[in-house]
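Student: Spelled out from the first residue to the last, the chains are:
There are 2 protein chains.
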Amino acid sequence: MKAISIDMGGSHVKLAVVENASILATDEISVDYGAGLRSVLPVFKTIIDKMLSHLGMRPEDCVGLAMGFCAMVDRTTGKVVSTNGKFDDATGIDLPAWCQTEFGIPFGLENDARMALLGEWYAGAAKGVDDVVMITLGTGIGGAAMAGGKLFRTKQVQGGTVGGHIPVLFTGRQCTCGAVGCMEAEAAGWSLPLVAKEWPGIEHSRLSTVERVDFRSVFEFAREGDAIAAAIRDRCLHVWAVGTVGLIHMYGPERVIIGGGVMRSADVIIPYIQEYVRKFSWTPSGTVLIVPASLGNDAGLLGAIPLLDGLH
Amino acid sequence: MKAISIDMGGSHVKLAVVENASILATDEISVDYGAGLRSVLPVFKTIIDKMLSHLGMRPEDCVGLAMGFCAMVDRTTGKVVSTNGKFDDATGIDLPAWCQTEFGIPFGLENDARMALLGEWYAGAAKGVDDVVMITLGTGIGGAAMAGGKLFRTKQVQGGTVGGHIPVLFTGRQCTCGAVGCMEAEAAGWSLPLVAKEWPGIEHSRLSTVERVDFRSVFEFAREGDAIAAAIRDRCLHVWAVGTVGLIHMYGPERVIIGGGVMRSADVIIPYIQEYVRKFSWTPSGTVLIVPASLGNDAGLLGAIPLLDGLH
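Heads up: the sequence lines are chains P and V, in that order. Be aware that the first sequence starts at 1, since it is given in the working numbering, and climbs by one per residue. Be aware that the second sequence starts at 1001, since it is given in the working numbering, and climbs by one per residue.
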């Protein structure tokens, strides 16, 4: 079974042609998400046509086009329902119609965090595990849960997709979602520069010399002995660990998968969260295993087949 | 359909004979939960026999005995798996065997928060609502969720039953569950005296004159103009509201039901949480309705029939 797959992250878009759990061709573009989705759709079309042509395939060789989107979406209508500062024009775009016009094949839309979990469940770190939570640490923090091998959903579009918006510190920072002190507001790519800016003594850290503080610089400088970077890194680890315990308490998973770009520092992140979860979560069935996503940036792309097969 | 129903709260036990959504007979006893469950089982037997006899019924007229228990339980085996300082001997008691010996009928065991939700869904404030979360504010804070008309469960016993242990303040108070800053650790019956004790200026409040600070005294003194009591009440309201937003983000319900003894002050609690949820939760499908449990202390008792009917 083949499909076209588009993974719309907060700042990068990955496109692929997949066959079951394999990626036949892939490409990635940086996008200015503030500029909106409409202006990049023609770019998607060009890239997809090129990939298909390179593979000697036509669009109709694919069962459909699956898109993972960093927003709340309505699976049943293929509409983006609510965005959070990224591709805000998407709610006004008829994506199924776009897909029909450009490729003539069915369109499947899902939240990007759910797509990543579907991918990991189908072909990665959650294979064979039916009660599982996935957290994707990135510009925002995505979250998705599966119980009994089915994605957790409710009729409300947000049902089970806003794991990053679990509270961790109600005296904390205003979140873009409207709430206060969400895990994402305290330790995600977008909030990190704000956290760093206010950190006491930040002027003594190399972080004050970078244009935009990101997880890469925080983890790198921390490794190199920058005490402020290390303190900020440790607070991020703490916030993620607290959020993970909360998600474990809420969803009762057997395993938690952690993905996202910052997982290039998985050697620091996974042991910290695993130890915190062992110490601080209430799980009489046994300590929940914390594992890195194994498909890296391909997880969302590989959610395409389980999404389009109609079972999810 | 008739059943025997026992609702084991943190400090009170309610017993009843129910017929569908009606309570035919009921009784309530105070128990010292520290003294354990084994010593009160004979009391249960006496009370149940008396109720049945009064109704002219025999145990075998009932489809079973349903028990809601303030702990993590294994529905499939009828065993209490993990307690949290209440009836700690229960994990070593074979309750199905006790029920068989004393009454000769099937035994159904469920977490008390799930039982209360089942009751409200079957006969109360959640009737006809299939995506719903219930929070029970009491000695602890119970939580349960239903999605698509089914109780949220996973294979792990804690799956979806520990809503009170959603984090709200990771710099906060040690919780009895092992985590830090859970909603329950910040604003439940057991933690309230600890919060009050450390409150700046508590010696100027009437709360310093009561033997044990409870929600009744906090809400009553606050109404009467005690500024410290009002401040403590407001912090409890804030904590519950934050936790409610978190539960909404996690479970995507259409409605949140709030129950528990403190709901005698529902006139203060419901509007506060409703307004906070309206302002601070991310729910593009529309503001989630916050409603008081309508069955009061009978909710758990009325979960008996849906529990025993085999569909949940």
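Heads up, a few of these hints could be off.
[What the hints assert, rightly or not] Mimicking DSSO-like on lysine-lysine, the simulated pairs with C-alpha atoms at most 27 Å apart in a straight line are:
(1) V/1002 / V/1045
(2) P/127 / P/14
(3) V/1079 / V/1197
(4) V/1279 / P/155
(5) V/1150 / P/155
(6) V/1045 / P/79
(7) V/1127 / V/1050
(8) V/1050 / P/279
(9) P/127 / V/1050
(10) P/127 / P/197
(11) V/1155 / P/150
In case anyone wonders, no lab produced these hints; they're calculated from the structure.
Student: Decide, hint by hint, whether the structure agrees.
Tutor: Here is how each hint holds up against the structure:
The hinted pair formed by residue 1002 of chain V and residue 1045 of chain V meets the criterion: a straight-line CA distance of about 17 Å does not exceed 27 Å. In summary, the hint linking residue 127 of chain P to residue 14 of chain P is supported, as the alpha carbons are separated by about 22 Å, within the 27 Å threshold. A threshold of 27 Å between alpha carbons decides the hint, and for residue 1079 of chain V with residue 1197 of chain V the separation of about 37 Å lies outside it, so the pair is violated. About 21 Å separates the Cα atoms of residue 1279 of chain V and residue 155 of chain P, which keeps this hinted pair within 27 Å; it holds.
Among the hinted pairs, residue 1150 of chain V with residue 155 of chain P is consistent with the structure: their alpha-carbon atoms are about 13 Å apart, no more than 27 Å. Distance check on the hinted pair: residue 1045 of chain V and residue 79 of chain P sit about 57 Å apart at the alpha-carbon level, beyond 27 Å; violated. About 32 Å separates the Cα atoms of residue 1127 of chain V and residue 1050 of chain V, which puts this hinted pair outside 27 Å; it is violated. Proposed proximity of residue 1050 of chain V and residue 279 of chain P is contradicted: the alpha carbons are some 47 Å apart, above 27 Å.
Of the pairs offered as hints, the one joining residue 127 of chain P and residue 1050 of chain V is violated, with about 54 Å between alpha carbons and a cut-off of 27 Å exceeded. At most 27 Å may separate the alpha-carbon atoms for a hinted pair to count; residue 127 of chain P and residue 197 of chain P exceed this at roughly 40 Å. In summary, the hint linking residue 1155 of chain V to residue 150 of chain P is supported, as the alpha carbons are separated by about 13 Å, within the 27 Å threshold.
Of the numbered hints given earlier, the model fails hints 3, 6, 7, 8, 9, 10; all others are met.
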